[in-house]
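Colleague: Residue strings, one per chain:
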Amino acid sequence: MRETRIQMGMPVTIEVVGTEDAAPAQAVFGYFDAVDRRFSTYKSDSEISAINAGRVRPEAYSLAMQEVFALAEQTRRETDGFFDIRRPDGTLDPSGLVKGWAIQNAAALLIERGVENFFIDAGGDIQSAGRNSDGIDWRVGIRNPFDAEEIVKIVFPLGHGVATSGSYVRGDHIYDPHAPHEVLETIVSLTVIGPNVLEADRFATAAFAMGQAGIAFIEHLPGFEAYAIDRAGIATRTSGFDRFTRPT
Amino acid sequence: MRKIALSLAVIAASGAYAWSEAGRLAAEDLPKIGGQALVLPAISGESGPVVPVIAPVAAPLPCPATDVGIVVATAQQSTAPMPRPARTPAPAPARVTLAAAQQGQYVDGVYKGPAVDAHYGLVQVQATVQGGQLVNVEVLQYPSHRRTSRRINGSALPKLVKEAIRVQSGQVDAISGATLTSAAYRRSLSIALAKANA
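As given, the protein sequences belong to chains A and B, one line each in that order. For the first sequence, our numbering gives the first residue as 1040, with consecutive numbering after it. For the second sequence, our numbering gives the first residue as 1213, with consecutive numbering after it.
In isolation and in its complexed conformation, chain A is listed as follows:
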């Protein structure tokens, strides 16, 4: 079965191969609802909004929030500050990490229920396992950043996580924390393939904020590959990226 819903402000698609039983997917959609209620900066009654309004003491943060904050701090250190959930105005916005973290947990949910062949796609961050309904490796297309109807690359993640960071309007969560008023324009799309979608997501966000240096950062990161597209339509890929451009 396959179903798409709008959740966390983005299209979420879940496909479970070999069954029309919607229960496992239901569980995942329910989980994402809970994640949104806690982490949405657009909801005034979410936990993150309450924290940003100064209404919650740190010792009262939920376990999930503590976990996300700890991951954010770890990522900040590993990326020399290029990943930072603290906005220039001092508020916290962990959405650059929550998406991958939530998909990772949702995938674990499915595996716990014995699902072996599935994919979860939340806003273009994808975790897949096993094979599709035709029995072949899952295929993920990289969207053309200049035309949403087109695909410019086909990858076979082979169980790895895929995350794409793209050019955002200034004021959204992707900017260079070292120079928050500069508009990052040169790289318009950066797709990272990592050991799982959480890893791919947190490094995609950071590497995108590095601009042109981001692809070199991923090149030096063992276990990660990336495909960056610049505003002239030239793509740069890491040296091991082609491992994911063919099926097994």
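Simulated from the structure, these hints should not be mistaken for lab results. Just so we're clear, the structure is a prediction, and the values are computed from it rather than from any experiment.
For the chain B half of the interface with chain A, some residues (derived, Cβ under 10 Å), not all of them:
#, residue
1, V1373
2, E1375
3, A1376
4, I1377
5, V1379
6, V1384
7, A1386
8, G1389
9, A1390
Chain B residues, not near chain A, derived (Cβ > 12 Å throughout):
#, residue
10, V1319
11, D1320
12, G1321
13, V1322
14, Y1323
15, K1324
16, P1326
17, A1327
A partial selection of chain A residues facing chain B, derived with a Cβ cut-off under 7 Å:
#, residue
18, F1158
19, G1163
20, N1171
21, W1177
22, R1178
23, I1181
24, E1189
25, I1193
26, V1201
27, T1203
28, I1268
29, G1272
30, A1274
In this text, a Cβ means the ideal position worked out from N, Cα and C, and glycines have one as well.
Assemble the complex: chain A is given as a structure, and chain B must be docked to it using the hints.
Modeller: Same frame as chain A, but now just chain B:
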């Protein structure tokens, strides 16, 4: 004559890489491909950042089967040309070496430079010219058998490969990607949904 000039340009480029100090190259020393210098970030520590092992609260995903054997490419990736967005003008290159490649004067093809002694070992690159422009530089050989050269390679010699993006026509199961309007899309959708709930 042009083929020789291109080989010389590529040798000069590989020489520039090999003779650099360990660490960052000055931007003007780097050859420019497609008008953009390949600049590497300063990386803390010689071996780069440590990738941590993340243990999520829920059960971790099983490791994917890591078969890195060579497989025959069966996926057909089309090479249909796509309309290109307006190119930004190429900046004036600091070195003359690759400027000609950007003016579309070269003959299309794949050109291998000779293996050049770079003091720490041999460096050999392969350049691809398409539509009269240098679109790809691949490093075929680089010094790897000595500790010193490995450290330099880690930070200086790029193995990054470039290509012009091309529309693909094959079937996919899912699509990953942000569009230039994705932030606006999210914001608009959030507000619409809020209205729908009112």
